[in-house]
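Peer 1: Each chain is listed here by its residues.
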Amino acid sequence: MQKIGVFVCWCGSNIAATVDVQAVSDTLAKEPGVVYATNYQYMCSESGQNLIKDAIKQYGLTGVVICSCSPRMHEATFRKAVASVGLNPYMLEVANIREQCSWIHKDKALATEKAITLGRAAIAKVQLNAPLQAGESPVVKRALVIGGGIAGIQTALDIAEAGFEVDIVEKQPTIGGKMAQIDKTFPTLDCAACILTPKMVECSQNDKVHIYSYSEVTSVKGFVGNFTVSIKKKARYVAENKCTGCGECTTKCPMKNVPNEFNLGLDNRRAIYIPFAQAVPKVATIDPNYCNMLKNGKCGLCAKVCTAGAIDYKQQDQVIEERYGAIVVATGYNPIKLDKFEEFDYSLSKDVVTSLELERLMNAAGPTGGTLLRPSDGTHPHTIVFVQCVGSRDTSGCGKPYCSKICCMYTAKHAMLIREKYPDTEVYVFYIDVRTPGKNFDEFYRRAVEQYGVHYIKGMVGKVAPRADGKIMVQASDLLANEQLHIEADMVVLAAAIEPDKSARPLATMLTASMDTNDFFTEAHPKLRPVESPTAGIFLSGVCQGPKDIPETVSQASAAAAKVIGLLVTAKLTTNPCVAHCNELMCNGCSSCERVCPYGAITYVEKEFRMPDRTTQLRRVASVNPAVCQGCGACTVACPSGAMDLNGFSNSQIMAEVDAICQK
Amino acid sequence: MQGMMIARAKELLQNGTVNRVLGWQTGEFVYDITPAVFETAEELDEKFVYNAFCGNNLSKYLVKETKKDGKILVFLKPCDTYSFNQLLTEHRFDREKVYAIGIPCDGKTSGEMVKSKGLSGITGIDEDGDNITVHTIYEDKTFNRDEILEERCRTCKSKKHVAYDELIGEDGEVLDSHRFDMVAKLEAMTPDERFAFWRSQLSKCIRCNACRNVCPACTCEKCVFDNPASGIAQKAAADSFEENMFHIIRAFHVAGRCTDCGECSRVCPQNIPLHLLNRKFIKDIDELYGDYQAGAEVGSRAPLVNYTAEDVEPSIVYHREGK
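Protein chains in written order, with our numbering: chain A, 1 to 664; chain B, 1001 to 1323.
Hints listed in this document are in silico derivations from the structure and should not be mistaken for laboratory results.
Treat the hints loosely; a few may be bogus.
[Unchecked claim] Okay, derived cross-link-like pairs now, DSS-like style, lysine-lysine, Cα gap no bigger than 27 Å in a straight line:
(1) K1141(B) - K607(A)
(2) K1097(B) - K607(A)
(3) K282(A) - K199(A)
(4) K1160(B) - K607(A)
(5) K234(A) - K400(A)
[Said to hold, decoys possible] Sample of chain A residues with no beta-carbon within 12 Å of chain B, all distances over it, derived:
(6) V35
(7) V305
(8) E523
(9) L528
(10) C593
(11) R595
(12) I654
[Stated by the list, open to error] Anything over 10 Å on all C-beta distances counts as not near chain B; from chain A, calculated:
(13) P187
(14) P466
(15) R620
Bear in mind the structure is a predicted one, so any value in this text is a computation, not a measurement.
For each residue, glycine too, the CB sits at the ideal point set by N, CA and C.
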């Protein structure tokens, strides 16, 4: 029988206001095995911890139950405390009576009863706890950054600066991401390329940074400090080490009508292309969907004009396996598809564009050379209507429930730049609210309204209808003046909501990193650990974690880098002893556990077993690699014979908890 | 058919392909069919039978039989081949040690079924097309096949052999036999009605363990119900309600692995329709994760015991509202 101490925390009033902590400690004191029970205002404080330590010494406790906040919050704190007085840290259990009780209930009597039940379950579990010893594992001194936008670039550069090797995996042929497509940046209006491209070049020149462009992560195995990642380098049909980026092939290729995705399809490129002049790596890529040579073996012109002999039509996808100590997710965002917003006629009129398309139309390196022209007929627009919140803050189900955060500012920027360059243009902005918190942000917006005379109108656009004469009729309501407006516009610009890149969801599964319902990665703690995923060794950088602008992205990127560096300088990590193990005498070798294991931790061995009458039998039994096992427990429930069990969460412990909860 | 099977078995014994034959023989009564291992041509001639009473699924016996030396010949009806594959998927026997012959099956009856038609003193059974003739000491009575087939055969899922080394006779097709109709009826009940239905059925259980012992999915080295450390063994014997849980726990244990061979219901001395529990799981799996037939191929991954990167979140499965 264990000698158990129960410590009930008030958490100030967080628990004590809804749960009668005195009643909880009094009742639990009578449970079998409990030799001491008390309650205290802040159990995690130094004096609270001392209370636990003293009790362990005074009563010779062999097990400790803390009734407090979630174990995710303070389990480590309490384990350290009990270990400091010689108790095995795994002889401690936390009953979560805050998140799972006091915070979600109002009725004090019922909440108290539930807290007692939860405490009773933890006591029942501790009765069956056994001391566990954590092992140690080394840290691979190399980091992986997934995504080569400004977030990934900044994180990689910061990690490299601390002296660690870092790889960037970017699925496009060049790093740079969305920022490379943007014309100018708010609120300073400096040119995006001028501040981004030097960083891109730095990446390519820094010998600690390795760029895998046109590549994707295909599998992730392992755990913090020791990930093994497979990276698929897609065939670009051009030898990266030979191509000089001269661009000769991209001017000679006869396939001229390939939509140019860098310019969002506003102009065309060739089948062999370099996305933009400042691309890093500056290497051509052949688009296999359009290249005649790859499709039907006819052409070969690029190979003829390439003096470097870099074209290789036989190039194959290549899978590289590399080991990393830490992984940073920087997968970024995309504007949402607008097919659910028929009222704006985006698909019908070329002159209804998204804000990102407008960036290209205003960019000196864009399809119009920086002159704002209507995509339909190349004329100067004289009336431009901006529509805010297209799919943002949308509860109808067509768009996204969240605020995309960057649209108010970039729309003010667009409006201002247009009025600056083309003062004869009338600019209308329809908004729900204008949200411009941030350093120098509101001043920026006010400048657009007050100095540049942009017409900000509170209200939504109801209908956009292109007319035969090329004008676009915009019907909208002005909520402040309480009137309907009909504007004859030349262009309409839609501030489409942003959403996480589609590659994020499958990546999250590979990384076993959690996501919210909008596919943004969740943080380990929204306030205190904002750049870490709850999965150890996975860090978050940029919009993959939530909408943010460039300055915020860069701060978060550097913060993620700091966390990665902190991990990589660690000599050894403590491993989790709560891993699965197999009772070979009961194992059937049926493979159920191996099939549900997300980590590939289970293999099979043929073992000889003693049978009756001095015979032996060779049987196939499961074997768990404790270094790879993450203790998720999937195998223990899949095992039909109960041969698989999990240290610290054994089948019998869980049954004991259930029994304790069910008993009245 | 019986003659062809015996002839072929003798050949394979003689040319050394196999050293044993797994088949059927009669027990005390002609309808008491028992799986049996034959080692000589004489034994085959004397005891081997194959008739409309031979419902027993022989695949599970391979788990023990393949532990012995030499190769064994097994005769498999179409539905038995699914269990055969499922056992291979679970690495329960060595395929190299088995020579499998697929044999046709037009559905089986049972002693009880025949007796329920008012016959007694049964001495034999013959099949001829759609007719089944039962011989008794008093009379010969001919039935239309559908009249006296067992329920599991009337809702037969497949006449197609999914595993064999050779076939005797023609192979059939996978059938659409409305096997989930009864499950749908149970689903349509109110929870109280359903509870009452299962209570009335499961309370008949005498815990003879026949269902478990015959089930091809129950081949654990040590069954959880026989393992005091599992925390289940004593529970399931504690009181009449807990005892009902035995069947529920068993259904969970074989979920996704059950091929719906129906042996559990066939052997139940209390006539509990146990296969309906398993069919409910199969129906739910089909509806929530897409059609899946355990044992249709070796190595297939049952949705419930398979991790892939494409696995959907539980909330999505929940929204599909399996009916």
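Peer 1: It remains to establish, for every hint, whether it holds in the given structure.
Peer 2: We went through each hint and held it up to the structure:
1. Taking the CA atoms of K1141(B) and K607(A), the gap is about 56 Å. The hint is violated against a cut of 27 Å.
2. Straight-line distance between C-alpha atoms of K1097(B) and K607(A) comes to about 19 Å, which keeps the hinted pair within the 27 Å bound.
3. Taken as a hint, the K282(A) and K199(A) pair is honoured in the structure, with Cα atoms around 14 Å apart against an allowance of 27 Å.
4. The straight-line distance between the Cα atoms of K1160(B) and K607(A) is roughly 37 Å, outside the 27 Å bound, and the hint therefore fails.
5. Restraint check for K234(A) and K400(A): not satisfied, since their Cα atoms lie roughly 32 Å apart, outside the 27 Å limit.
6. In this structure V35(A) is separated from chain B by more than 12 Å, as the shortest Cβ-Cβ distance comes to about 26 Å.
7. The claim that V305(A) lies off the interface holds: its Cβ sits roughly 42 Å from the closest Cβ of chain B, which is beyond the 12 Å cut-off.
8. Chain B leaves E523(A) outside its interface by the beta-carbon criterion, the shortest separation being 19 Å against a cut-off of 12 Å.
9. Listed as outside the interface, L528(A) is consistent with that label: its C-beta sits roughly 26 Å from the nearest C-beta of chain B, beyond the 12 Å cut-off.
10. C593(A), annotated as away from the interface, has a beta carbon of chain B within 12 Å; the closest lies near 8 Å.
11. Residue-level check failed: R595(A) sits 5 Å from the nearest beta carbon of chain B, not beyond 12 Å.
12. With a least beta-carbon separation of about 9 Å from chain B, I654(A) fails to lie farther than 12 Å from that chain, contradicting its non-interface assignment.
13. Every CB of chain B lies more than 10 Å from the CB of P187(A), the least distance being 40 Å, so the non-interface label holds.
14. Against chain B, the non-interface label of P466(A) holds: every CB pair exceeds 10 Å, the least being about 39 Å.
15. A cut-off of 10 Å between C-beta atoms contradicts the statement that R620(A) is not in contact with chain B; the least separation is 5 Å.
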